[in-house]
Every structure is written in structure tokens, then in C-alpha cells.
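Just so you know, the sequences run in chain order Z and S. The opening residue of the first sequence carries number 1 in this note's numbering; numbering runs sequentially from there. The opening residue of the second sequence carries number 1 in this note's numbering; numbering runs sequentially from there.
If you are wondering where the hints come from, they were derived from the structure by calculation, not from laboratory data. Honestly, I wouldn't trust all of these hints.
[Stated by the list, open to error] A partial selection of chain Z residues facing chain S, derived with a Cβ cut-off under 7 Å: (1) ALA215; (2) LYS253; (3) ALA459; (4) PRO575; (5) TRP580; (6) HIS581; (7) THR586; (8) GLU592.
[As the list claims (entries may be wrong)] No more than 25 Å apart at the CA atoms, straight line, and that leaves these computed lysine to aspartate or glutamate pairs for DMTMM-like: (9) S:LYS336 <-> Z:GLU701; (10) Z:LYS649 <-> Z:ASP614; (11) S:LYS331 <-> Z:ASP596; (12) Z:LYS649 <-> Z:ASP263; (13) Z:LYS310 <-> S:GLU435; (14) S:LYS331 <-> Z:ASP263; (15) S:LYS331 <-> S:GLU597; (16) S:LYS318 <-> S:GLU498; (17) Z:LYS553 <-> Z:ASP376; (18) S:LYS331 <-> Z:GLU307; (19) S:LYS342 <-> Z:ASP588; (20) Z:LYS488 <-> Z:GLU502; (21) Z:LYS336 <-> S:ASP588; (22) S:LYS310 <-> S:ASP596; (23) S:LYS593 <-> Z:ASP263; (24) S:LYS336 <-> Z:GLU592.
Computed from a predicted structure; not experimentally measured. Cβ atoms here follow ideal geometry from the backbone N, Cα and C, with glycine treated the same way.
There are 2 protein chains.
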Amino acid sequence: MPRRLFAVLAIVLAVLLRPALGDEGMYPITALSTLDLKAKGLQIPVSQIYDPKGRGTSLIEGIVHLGGCSASFVSPDGLILTNHHCVFGAVSSASSVQHDYLTDGFLAPGRRDEIPARGMTARITEQMRDVSAQVLGAAKPDMDPLARARAIGARIAELTKAAQQELPGKTIEISEMLAGQSYLMFISTTYRDVRLVYVPPRSIGEFGGEDDNWAWPRHTGDFSFIRAYAGRDGTPADYSADNVPFHPRRFLKVNPNGVNEEDFVFILGYPGRTYRHQSSYYLAYEENLRMPFVAGLYQWQIQAMEEMGKGDRAIALKFDSRVKGLANTMKNYRGKLDGMRKLQLAAARRSEEAGLQKFIEADPARRATFGTVLADTARIYDRMAARFQHEMVLDNLVSMSTLLRAATTVVEAGSATPPAGPARAASNPFANYHEPAEVVFLEKILGMAARLPEGQRVAPVDARLNGDFSEANIRKVAEAAVAGASLKSQEAVAAAVEKGPEAAATSADPFVSLARDLAPLRRELRDVRERRTAELSRLSALLLDVRQQYLKKDFIPDANSTLRFTYGRIRGYSPADAVWHRPHTTLDGVIEKTRDEFPYNTPQAVRDLARARDFGRYRLPKANQLPVALLYNLDTTGGNSGSALMNAKGELVGVNFDRAWAATINDYAWNEAYSRSIAVDIRYVLWVTEKVGKAGFLLDEMGVGASRR
Amino acid sequence: MPRRLFAVLAIVLAVLLRPALGDEGMYPITALSTLDLKAKGLQIPVSQIYDPKGRGTSLIEGIVHLGGCSASFVSPDGLILTNHHCVFGAVSSASSVQHDYLTDGFLAPGRRDEIPARGMTARITEQMRDVSAQVLGAAKPDMDPLARARAIGARIAELTKAAQQELPGKTIEISEMLAGQSYLMFISTTYRDVRLVYVPPRSIGEFGGEDDNWAWPRHTGDFSFIRAYAGRDGTPADYSADNVPFHPRRFLKVNPNGVNEEDFVFILGYPGRTYRHQSSYYLAYEENLRMPFVAGLYQWQIQAMEEMGKGDRAIALKFDSRVKGLANTMKNYRGKLDGMRKLQLAAARRSEEAGLQKFIEADPARRATFGTVLADTARIYDRMAARFQHEMVLDNLVSMSTLLRAATTVVEAGSATPPAGPARAASNPFANYHEPAEVVFLEKILGMAARLPEGQRVAPVDARLNGDFSEANIRKVAEAAVAGASLKSQEAVAAAVEKGPEAAATSADPFVSLARDLAPLRRELRDVRERRTAELSRLSALLLDVRQQYLKKDFIPDANSTLRFTYGRIRGYSPADAVWHRPHTTLDGVIEKTRDEFPYNTPQAVRDLARARDFGRYRLPKANQLPVALLYNLDTTGGNSGSALMNAKGELVGVNFDRAWAATINDYAWNEAYSRSIAVDIRYVLWVTEKVGKAGFLLDEMGVGASRR
């Protein structure tokens, strides 16, 4: 057993011995065998979930990584069950004015009718290798943080390349598990031909929309069926009419009887990111600066877009997906901010760190190694705070102005420097271009630049405002710039890139000129951030190390989009004083919320079935009710969307798709009292598929059709 | 026993025999002895609540009608317990820049320090007489509806006058209980010297503010103590330093131990208005026209005022109480609309009426009397709908424009015609005058007038807009009018009234001129409404009569601000699928909601006591928790604010102050599943008074101080 794996096991054991921690944990799959899952309620051997010895098949071979989502195989013919919101983009792409699959739903009557899910791939993790020693071997003790980070990056690239040569056709990824301690190589196969099979109408799959997002009680039928295809030899292939359904080594058995309150359940999936081992300085930066700024700016953008879209459906539609994305993040941040305030998370971590510092000081050897870790970390966040507004304005100048983003692409096309900061890449940035919005957004961000304090100002913007920071002048400058812009289509941008750097260097286009002047500032920002990340990486490793010594425990690695296991129980909770939320919702709740407009426009077929109380064999045992969604205390985060929720026998009983409001804080801290995740109940999936979608043949394919009525 | 009282008893018995009705009922106090309250859980003789034979004292002598609120005596020295929001205006009036009693709270250390509660009176209902025969005797069979309504009105005035002569010093009021069936005379005494004793800070008494209004779970300490004073002879007197505390014949015993889930409780109080016997046409008019219009217009006004108040605290303060009032109504209407939609209230009543019509048609005698009742009612509401926008614009022209309201006062001062429609009377309409708001509001309502359909237009407004209905012109006209107005203070208005009708008839002031031109339209509207009300009154009586025959039951009279009794149990409920609300909240919930800004800025003293878990003897029996608010299934409405919640022994255990969101629909229909009312728990009242207010001497006065620690 490799040393690093042993470390992971030690972590896990330590965690299990702390009852206060409850069922926290997105366990790396390599740590599974060390959990006494039988005692917790699992009724199958752990080797049925993952067998490091590779005897026979195990459940992880039935689990799919679907871009930013998770999914699972549910038939021998490559049928995949995931969330509606995970296939949303593909359904949107496949739709046309004639065929509005988002609104009406989609069902392929036969396999030949299944249509490509553009941009989607299905990846199956097959093997994990501990490469900690090789990766960390690249770092020399005398390296400065930046050199160290670059050396490790280079070593990871080498190891990846070597593995790719050793295992042709496989996808190789090396992930840091615990900062400065452990690295795992994930070997997987990626199937590139994925097709839509059954997608319920949006009024089921997205029922409740943004209103209900991050909320319980939930009534969303957030599921869809897709299928993975392979070449005739069974290996990954690009889309071709000749491809055949992929036959996975393992698929999950669907249990049409669902689960009950307090039943044991678990999830295998690909949680994205958590930040549970960060310093109080990080938490305070997030709580006091970054999240309020972003949530506020997003809210402003949403309101501006809603205002512009009022009374003009075509304009509103242009903004639709952008508003959706911003609203999702904004609501998530508001939930986190709410939780951080209520739990006083930063203060609690700060008080832990005070004790930690005393612990460090108490021993000369510790003091030598860790003495300044906290102070150094604090200093970095202080510097970030001092530059915060400058950085945010620089980032958002480019992200909020489509024209400046396009001009930046042209200006930076020749250079080797990737753009600094967030740059939401869209396939065609002009697809939803709306000039009045461009003016309003530019005006907003120029106004923010105009109000920057001394020492953080953006000189190229100042030059254009020419000393007049009045609202009127800012509006004038924004309007003139947009009116004078020449790069207003993807074709124009491509042509400008074609012309090369000389043309960009002399262009009189106001945005190209601004992008040119901003380029040095953006380069500087990129360098600052690279160095900062490297320093924080070094400090995080030290902090983790000494916190483990201080707290006398090891840690479960933060989520990092790699395959994880989490378990717990179907359980309600109290989100507020005097309130209890039960762990399942029913079709009566759907009807209760139903209205004439999206996202509450339940299809007539569902209304009729509800009125007839035609729940078939999916009715709840003791009530004439159809279950819709489930709540449980598992530890999930973004990326777990689409994960199969499994019962004690490893049978699929739900499809995970969200967290309750209080659990947005999960990314920083998990707690049995408030961390709850949400799945669509398999009984609702099957009922909708059979009774509403009239796709009983899919139930037959999954092997649950025999008892259909 | 009078015939009418017998009818009431019959109603009550019929109701009690229908288990589906649960505990619905705001019973007239005269019906009490017919309820088998012992079987329901009452542990004292009914005669202890009200004894028609007048032997000894009964609880109703301890109940106070406090303007639009209810209250109760809690000491032999006239100490009164009611809601904080019932004394809000008086506290506001008593406050100054030096003494901000709203923010800081108020405690009179001794009786001499108690300060007048301006505008408040305390009325005690002492006697009820059935005057149905006398009142209805005024109506002759051949009278048309208008003549009939006027004859009844005149007879009520006569009877009132006669009683006042018979009982000098008493307050006499005759109320219609069941349309066309029963009238009761209420004889009461009104004490005019009321003083503030203890008012908690707004951060307790109004904790949660508008956000939590009409909502459960609730954490508002919505209580205050005041005291009634009388002349030295014990009779009502205007305020004088020589007055002495009033000694009520009966006061309620305060029980510091509170109540538990499922305990029997009852309320005596003065519920304002309910509309449970109205036709489906009324419900549809409310649901489809009036409430959405008012809620929408109020929301617009609130947003406009919040916009204007942004960044200027002085302006925001001017709007404060208006915003509060509008928001309260708006939220109530939204709750009702929500409930009407969910319960399909109008459709259910319509289907009942279809059966009723068949029942009427089935018998020639019934057909002769009731054959056209429903059709006639429908016709009236159809006519109202056809004129709806016209009437709303006419009403809101005057109610939204302070200047037009003032001008209307001047123009209509001479005439005998009271203004039509709602005219919110303020002591000084210019107290919170803000000219930019005047322009914005006038512009809004002129714009609405400009968009009126043909046949509903307001000619005087059209004349002023002169055919140009563009936004720009409307703004210009509004601005010019406000700029040219001369009556911009209470003094200017009083002087103009003084000058008499001739001056008003020739004044060039743009608002006086508009008011002059609107006067005939307003007179017409008043006449239309008087006739409509008379007709509906006749039809309501017929409808009530035949519905009683059809449903084989009698009805409990709608609430009408007279003394009523309602009983039930402390009980949680399910406001939505998968959600359960427990029937009590705790101090932990207060802390959970606490933030730095009003309405969540819990005083430091409360925070400290909460941290120390210093709950004294008020702790919940089985938990280290302090109860704050209570939920119960009693039948209440506006006007029940401040009512004592009493236990099975008639002891005071809470102060009623609101309803849960779903129970806003109570005004149209009560239902055990969703009708819930809210009180502040007596334990929280006593804990705050003793531990936060340091007013333990009030507990001594109430006789609960003995066991204080």
C-alpha cells in the first residue's frame, strides 16, 4: 500500500473516530475500504463499489463524468440517467423553431431517432495511481514559491504525457488531493458520441426555475436520459451514424420502489470544488470582499437586463441564459454569505488559528518551520484587499463589455499571455449581442473605474474620461465608444486577428485602442496572480501540515472534480426556528405551485394524472401520494449534479441535483444540522417517463418494465 | 329570549353539528351560552366569560376596545396590555428628537411619569340589546332599495339618540349582525385619558418589521402596557393631571406559566370585517379587479417612495409610515389573492350557487321571492366592472395627490356631499409633504386617466391634457400644476375654506380648478355607490336567507368590529408540501434573525441574556428555551390585534397580534388546515418587561411578581 494512500486511510480513520463530524466527507474512492460501511448500513461488500484489486466489475464502472456533471449507466446498452439541467445546453442546441425540445421535451421513439447531444462527452474513471512521490520530487527545498509551482506543473505535464503514451486512447489527469502532500493520477476513457434519448418538457425538468433553485421543498423533475455510443469495436469514436450503443462493464440497477426516511444512501460522483482547509483570511476575503462584490454586481446586471427585456420578449430571450447563470451564482453567494454570518465561520476559524499559533510558538522546531505561516498568509490577503477594487474593475471591464472582450482577443492574439482573470468564453460572443445593453454595461463599469481610490486607478480609463468623472460624461464616452466600434461580429473579430499584431497596434477602433492600453495592466495582474497563487500554495501546504498536528487529525481532501464517495441518510431538517422540512415532496406540492406561466406551468397530462391520482406502482407506501423529490444529509457540491443516489444495496433510487439553501455553505463547512442535498425520486423519474413521456420501453430496457401496468 | 337571539343560537347549534367546520367562528357574545364549551375544553363556567343576567363580574368587563385594536385590563389599577403596533402612533407622537421612545422604548418609573397616549381611548362593552325588530320595522315592503336603506339608517340614528338620552355618558352603537335579519345595540363606556406605561424598544416590539408581517415563524415582542385614567369619581374624563387610575370591575389574571401545544385557548376581542357570506360575484370582483389593482398601485407607490428616499434619510423618514401602511395592505392582498387562487374560492362559491339556483327554481314560492337574486347580484358587479377603471382613477386622483385632496376639501367644504370613495384623513395632510413625490404621483395617476378606455374617461383631466397623452406632456402638465399650486399648507387650506364657496368657485389655482370640475363626477360616483350599496344590501339579505334554507343551516354573522368570542387550540400547521410549522418560536430564533440593522437589531441586553440563557422562570418545560410567539387555530381578523389569548381557565397567556400568511384568506373563508393566528407568548412579555425593561414592579402590580427572582 503506497505511503500516501496510507495517509489518506489515516485521515479517514481519524475522521470516523470523531462522532461530532457526523457523516461529513467526500471521500476519495481509494479510501473506501477503510470505512466501516457495513456498520453504517451498507448491505453490499465495499468491493462491489470499488475493488482496488480489479476483480470483476464494481459500481464505479457504472458512474459517468459528464463535463461539469455526474451521471450513471442504467442499462447494458449505454443508457445514461442524469439531470435535465446537465443536458440543457445540448437540448437547446438540438432545438429549432420547428422543434422546441426544451419546451415540449424530446423522446426518440427508436435508437435511430436519438439525436447528438452536442458538446457532451461521457468519461468513466477506471483506475487511480498515487503519484505523490513523483510529483513532489520535482520540488527542491531551495526553490522560491513561483519556481516550485512551475516545477510541479512541469512534472505533472511530463507524467501525464508519459501515461498517455503508455495508455493510448485513455484520458489522463493528475490532481492535487492535499496541498503539498498527495497527488493522484486518474485514468479514464472518454466516449465522445452521446445522444439524447428522453428529455421531459422544461415545465417538468426545470419546474420552479430560478425561484426554487437552491431551495427545499423542491418539485423539479430534474432528470433526462441520454445514451453513450462507441465505434463498432466498442472504443471511443466521434459521432457517426455507424456507431453502436456502448456496452458498459457495469450499469446500476434501478429500484422502482425508492427509499424511505432514515434509509442508508450513498453517492458516487464528481464534486467540483470545496474550500474547507482554507485560512480565516481567505474566509474573511470571500465574505467581506469578493462574494458581496460579485453578488452585488450580478444583481445589478440581472436587474438591468430584466429592465431592458421588459415588454420585448426577443430581447428578454437574448438575456435568458446569461441571467440564469448570474442568478445561480448570485443566489449561491447570498446563501453562503447568509450561512457565514449565521455560523460566524471566519471568527471561528480565526479563534482556532489563535490556538494554532500558540501551539506553533510552543516548540522551537515548529516555530522555525511554521512560525510565520499565518502572518504570511494574512499579508497576502491584506495585499489582495488593498488592490481588490483595481482587480475587480480590470476583470469586469473585459467580462462585462462584449466589444472590449472582442478587442482584447484581437490585441492579445499574438502574445503568449493568456488573459488575466475570468473571461467567460462563449462559442460566439455576439450571439446575444444587444447594443443598448453594451452601452449600459460599459457605462456601469466605467463609472466604477471612475470611483476607484487613488493608487488603484486604471490609467487608460482615466485618459478616456479626461478628468470629467460626471455621470453625463461617462455616458457620453460609453455611447461614443460603442457608436465608433468596428468589431461587432465574430467574423469581424476573426478578420482582425487574421491581419496580425501590426494592424491591432495601429487600429483606431476605440475598443482595440483601449484593449491595447489595458494589455500591460492585464499582464501585470496575471503575473501578480501567478505569484500569489504559488505563494498561497506553499503556505496552504504548511498550514495543512501544522493544523493536522495541532488538531491531532488528518483531513479529507477538498473536492477537486475527481470521483468521490459520500454516504448518509434520507433525513429532514430544521432550516429555521419553529420550522421542520420533511425529506420528501409529493405531486400534490407540484399542483400547489402550478400556475399558468413558466416555471410553474405543469403540463396538462400531469395535472390530469394528478387529478385522477393515477400513481401506478409509484405511490408512497402509506399514503395516496406520488413522491417527487428527496432530501438527505450527504456531503455534495456542484459537480455532483446528476449523481445517482443509491440505497444500501447499491441500487439507484434518485438523481442528485441540488442542495438546500443552508447547504450552500457546504463549500466551506459541512454540518449535519443544515447540510442537505436534493434528488429527484426515482419513482417520479419512472412515473414521468412511463405515464407522461409514454416511454415505457425505456423502463423495459432498464429492467423495471416487467411489473408495469 | 328574543326571537333574533334565538336565531343566533340556532345558527350556532347548526354550526356545531357540522364537524367539517372545525372551530370556525367569531361568535357574537350573546351566543356564548349555547356553545358546549365545557366539552371543548373550557374549565370555567361560561357565565364567567359573559353573564347575560349580569350577576357579579365577567371577563368581558376586562376586555378593552382600543380604536382599531383590542386590549385587556391586567391589574386593578387600570393597567392595560395590548400590542406595540396598537400604540405605535401614540408613542411616535410622544417622541421627540431628545426622547425617541420608538427606538429606545419607554418606561414610566412611577405613575406620575406615565405620559398621555394621544388619540387613544379605551372602551368597555357592558351590555347588548337586540334591536332587530325596531330597526327592521322601519322598512316597508313597497320601498325601493335606496329608500329602504335610508329608512333603516334613520331608524338606527333615532334609536341611538334615544339610548344616549336614556344612558348619559354611555357610548351607543347599533350594528347589523346578519343582513336584513338582526341588529344589536352595544352599550359601552369610553375612557378618554389613556397613558403610556411600558413600551419596549422598536427592535423588540416591531422585530422583523414588514418582512415578517403576515408571516410565521414570528419573533416579534409585539406588546405594550398602557393605563386607563378616570376622573376622581371614576367616570370618563378628558386628560387631566388630577385624574386617577381607572379601576375596572374586572381584570384578567396573567398566568406566567403560559400554554402548551394542543391546549384549549380562546379570545375575546373586536374583529373588524369579514366577508364570508358574499356571492361569487363579489369574490371574483375582489380577486380579478379590485385587489390586483390596489396591490399593484400600492407596490408602485412603495417603490417610487423607496426610490426617492434612497440616499436621503430625511425624505425616507417622511415616507416611513405611509410605506408601512401601504405595504401592510399590499402584503395582505397578495396573501388573499394567493389563497383565493389556490383554493379556487370564487369557483367553489359559483358551483354552490349553481346548486342554489336549482333549489330556488324547484319551488314556485321560492322562485317568486329569490328567483332573480343571483342574476341581479351578477348584474350589479357587471356594472361595477364596466366602470371599474373610471372609479379607481377618480378615487386615486384625490387620494394620491395631496394638493388635489386639499383643493377638494376647499371646493367641497360648502357642499353637503361628503367626498366619494376613500380619502385617507390625516391630521395634517402636509405633515409629510414632499414636492417631488407630489409630481411623480400626480404624473402616475394622470397617466392612468390618459389610458382610460372610451366611456370611462375623466373629462376634466382630458381637458387639461388637451389631446396630448404623451408621457412628456403628462409630466409637463403635472409639473406645471404643482408649480402653480397655492394651497401647500394646512394654514393655506384653512384660509381658503374660510373665504367661502365664492372664492373657491373663481380661484385660478390649478388644483382648485380641477377639484371644481371633478366635483360633479365625484357627486355622481357617490350617488351611484349609495344606490349600489342599498341594492346589494337588499340582495345580500335575500341571498343569506335562501342560502340558509338551501344549506339547511344558519350562519355566524360576519365580523363587524363588535365584541366576539373565538376558541380553539395551540397548534402548528403545514403551510406547504413537506413543510411543518411548529406552534411556538424561541429566543434562539430571535438571535438567528438578528442583524445590525432595523428591523433585526436586537438590543444588546437581549443578546447578552440569550447568551447567558438567563430565561428565569419563563423557560419552556422540557427545553432550555425561552418561548417568544404562539400559533393557534382561532378565527381572527384585523381588529383582534391586542386581544388577550386566554387558557381554559380564562387566564391571559398571550397577546394576539397577527395571522400567518395563508390565513389572510380568513376574511373570506376559515379553514382548520391553514387558518392560524399569532400571539406573543405571555412568558416573553413578562421576561422582556422584567429582565430587559427592568419593570418588575409591573409584574408585582399584575400579581405575578411574587415568584420573581
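Hints violated by the structure (numbers, ascending) | Hints 1, 2, 3, 4, 9, 10, 13, 14, 16, 23 are the ones this structure does not satisfy, whereas the remaining hints hold.
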